[in-house]
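Protein chains: 2
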Amino acid sequence: MALIVQKYGGSSVADAEKIKNVARRIIRTREADNQVVVVVSAMGDTTDDLIKLSYQVNEFPNKRELDVLVSTGELVASTLLTMALHGMGFPAISLSGAQAGIKTDAAYSKARITNIDPARIIRELEKGNIVIVAGFQGITEDMDITTLGRGGSDTTAVALAASMKAKICERYTDVDGIYTTDPRLLPEAKKLTEISYEEMLEMVTYGFKAINPRAVELGELFSVPILVASSFNDNPGTLIHKEVSMEIRNKVRGIAHDFDVAKITVVGVPDHPGIAAGIFVPLAEAGISVDTIVQNASIKNITDLTFTVAKSQLAGAMAVVEPIANSIGAQKCVGDPKLGKISIIGTGMQNAPGYAARMFDTLSKEGINIQLITTSEIRITCIIEEARVKDAVRALHRAFELDKDN
Amino acid sequence: MALIVQKYGGSSVADAEKIKNVARRIIRTREADNQVVVVVSAMGDTTDDLIKLSYQVNEFPNKRELDVLVSTGELVASTLLTMALHGMGFPAISLSGAQAGIKTDAAYSKARITNIDPARIIRELEKGNIVIVAGFQGITEDMDITTLGRGGSDTTAVALAASMKAKICERYTDVDGIYTTDPRLLPEAKKLTEISYEEMLEMVTYGFKAINPRAVELGELFSVPILVASSFNDNPGTLIHKEVSMEIRNKVRGIAHDFDVAKITVVGVPDHPGIAAGIFVPLAEAGISVDTIVQNASIKNITDLTFTVAKSQLAGAMAVVEPIANSIGAQKCVGDPKLGKISIIGTGMQNAPGYAARMFDTLSKEGINIQLITTSEIRITCIIEEARVKDAVRALHRAFELDKDN
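Chains A and B are the protein sequences, given in the same order.
Here the working numbering is used: the first residue of the first sequence is 4, the next is one more, and so on.
Here the working numbering is used: the first residue of the second sequence is 4, the next is one more, and so on.
Calculated from the structure, these hints are not laboratory results.
Treat identical chains as interchangeable: a pair holds within one or across any two.
Below, computed lysine-lysine pairings styled on BS3-like, alpha-carbon distance capped at 27 Å: (1) Lys106 to Lys130; (2) Lys130 to Lys66; (3) Lys23 to Lys66; (4) Lys193 to Lys245; (5) Lys193 to Lys368; (6) Lys66 to Lys21.
Next comes chain A alone, as it looks inside the complex (with noise of 0.2 Å):
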C-alpha cells in the first residue's frame, strides 16, 4: 500500500458541490489500495474576504490575529471535506495544522516549518482513516496558531509529503498543468509532460504563479515527485520531478512574463565602496523588495546603478533613493513605472552556446528594445517595454519550438 499526498487548491473546494466532486477523487485514489493524505485551502475568496473583514475594524490588523482569522478558511473547507467523505461511506478524520504536527517558527503570516511531527497523522491513517489536513497553517512551540503565507498549502503538503516519505505529492486546481508559457497569453501554449525542479523553480520565481517556489524548492531537497494537475478533469498533468528524460534535455522548456516591473536608474554615481549597501540597505528596510539589479562597469570612476521593483513600490522606492542619489554626488535618479519581464529558462540551457543569441536576434527582429539582461544557469531574463511583452512571448515560443509536440 503505497502512501499518497494530495493538494486541492480553493477553487476546487469552492462550494459543497465541488467539495463532493473532490470527496470522490479522493476515493478514486483510496480505492486503487494507497493511503490518502489530503490537504486542503480554504474554500473560493474566502482568505481574501477574512483579510477584507479584517479591515474593516483595524486598517493595519495585527499579524498573529490575523493569521488565527484566516487560518479559520482552511479548517472550515477540511472538515467538509471529511463530512462529505463520511457521506459516501468512507472513515475520514479532519486535522488542524496544529493536529497534523506542523511546527513552524513565529514569523506570522509567512511562517517557517521548522519540523513535522506526523504521529497523529500515522495513527489515524492506521486506524483505517483518510486524513484530511488544513492547509496553510502550523503552530509554535508557544502554541500560537501561524500562517506560512500566500500558496502555504502547496508548502504544507510537499512537507508532509516528504516527511511521511509519501510516494507522491498530486496538487491539484484548476489549471491542469504546466505550460510551455501562460495560455491566456498564447493558445498555442504547450502543456509540459514532465519539468525539473530547478526549471520549474525558475519559472515561477520569474512569473509563473502556477506553484509556490518553496513548495518545489522542498520538492527538490526531499526527492518529492509533485504532479500539477485539474480537479475539475482527468487531464494527464505535468510531473515536477529529478530525472527529466534525455531527449528533451537540451531544450527551452517554458517561457515566463511578467507585467509588473518597475526600474529605477540613478545616473552618475560616484563608484566607491559602500554605495551600494547606501543604497540597498535602507531600500530592505522600508519594505521595499528589490529584483534585478545591474551596475554599468564605472568609466572615469563614475556608474550608472540600476534595479527593478514591483509598480506599487516604485513610489515608495523613489523616496528611499532619491535623497541618498543627493547625498552621494549622484547626478540623478530616473523612474519607469511601463516595464515587463520575459524570461526563457530550460537546463538544456547550461552547457549549450547559442540560446542568448537566438533570444536578443528574435526580440530585435521584433523591434522590441532590451533595457537589461540578468542569466542565471538556466534562464536568461530580459527587462522591455510592457506593451511589447505579450509579442515577446509570442515570438520566442516561436523561435524556441515550443508550440511542438514536447
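Starting from the known structure of chain A, arrange chain B on it as the hints suggest.
Below, chain B without anything else, positioned relative to chain A:
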C-alpha cells in the same frame, strides 16, 4: 485592580461597527483600572450558516467535524475584536478555547468543561493585555476541539470567572436584563434589578431563553455574580447573585412560559412495578426528552400515565409508546399537540402558603383549564391550552403584582 470577565453575544458583534462599539465598552472597563477578560460568541448568524453549509455536504454531519467547523466562528470574532482594540491603542490578544486552557470531555457538540488551566490568560494579563477568549469551545486530552452546546459562550465566561476568581461576570447581549415575563408577550413586563441563582435557573428551565442554565448553575456553584445587560445601551441590567434583598424575598419574581408543549396520556395502565421504566427507558433510547411526568393515583390497580414532550417529538414519542401500551394491556394512548406551559417562580414561595391557591384561582377566573400541575420548592407550573398562554401570563402578572416596581 479587580478582574472582570465580560461576555458579548453574537448580536453584539454582528458586524465591524458593532465590534468597534464592543471594543469601546471594553476599554471603558479597562480604563476604570480593571483587568479584563472577554469571552465572545460568533458574529450574528455565523454558527447557523456554518451548520447549514455542513448539511449541504452531508445530511448527518459527524459531530467531531461539526465542532471544529462551528468553533471557527468564535475564532473569527475574537481576532476581529482584538484587532479593533489594537486600532484604539490598547494592547490585547485573542486566545482560542484551547489556548485559554479550557479542557473538556469528548462529548462533541455538548462537551462539559472538566477543568480550566488559566496560566496563559494570567501571563497575558500580567503583560498588560486585554484577553479576548473565543467562547463555546474547548479541547480534549487528545487535543481535539469540542463545543459546549448552544449558549456555550455563557458557560465559558462564567467558568473562566469562577476559575480566576473574578469580581463579576458581565454578560452583554441585545437584551438589557431579566424581566418579570417576556416583554414581547406582555409590554408591561418589568425589568428586575436582581434575581437569585435558583430563581433564574427555574425561569430558564421553564421557558426563559435569557441565559444558558449551565452558566447559572456554575455561577451558583462558585458564587460568581452575573450581570445581564445590553451592549447597545447603558441601562442598568439585572444582577444574578446569591443574596436577594430582604424586602423582595416574599414575592413571585417572574412568570415563565413555553408554547412548545405536547402531551401524551397512556390511559388504563395496569399498575404494577416496572411499568414506568418500560415506557421511559425506550423513549430515552429513542432520544426523546420527556419533560413533566404525572401518574394519577391508582384506582383498582388501573392508572393513567401522562407526560409532556416538545411538539416536534410528539409523533416519534407516539410511535415508541403505542406498541408498548398495547403490550402491557393499557386501554389506549392519546396525544395532544396544542399545549403550553406557564410557571410562577420566586424563592419567597418556599415557606409561604397561598401562592398555588392564588395561581389556580386566577386561572379559573380567566376560564383557563389546568391540565397538569407540577411544582418545585420555588416554582408552580401549570400545563394549559396553548391558545390561552398569553391570557394566563397577563392575568398572573397582574395577580402577583409584577407590574408594580420591584
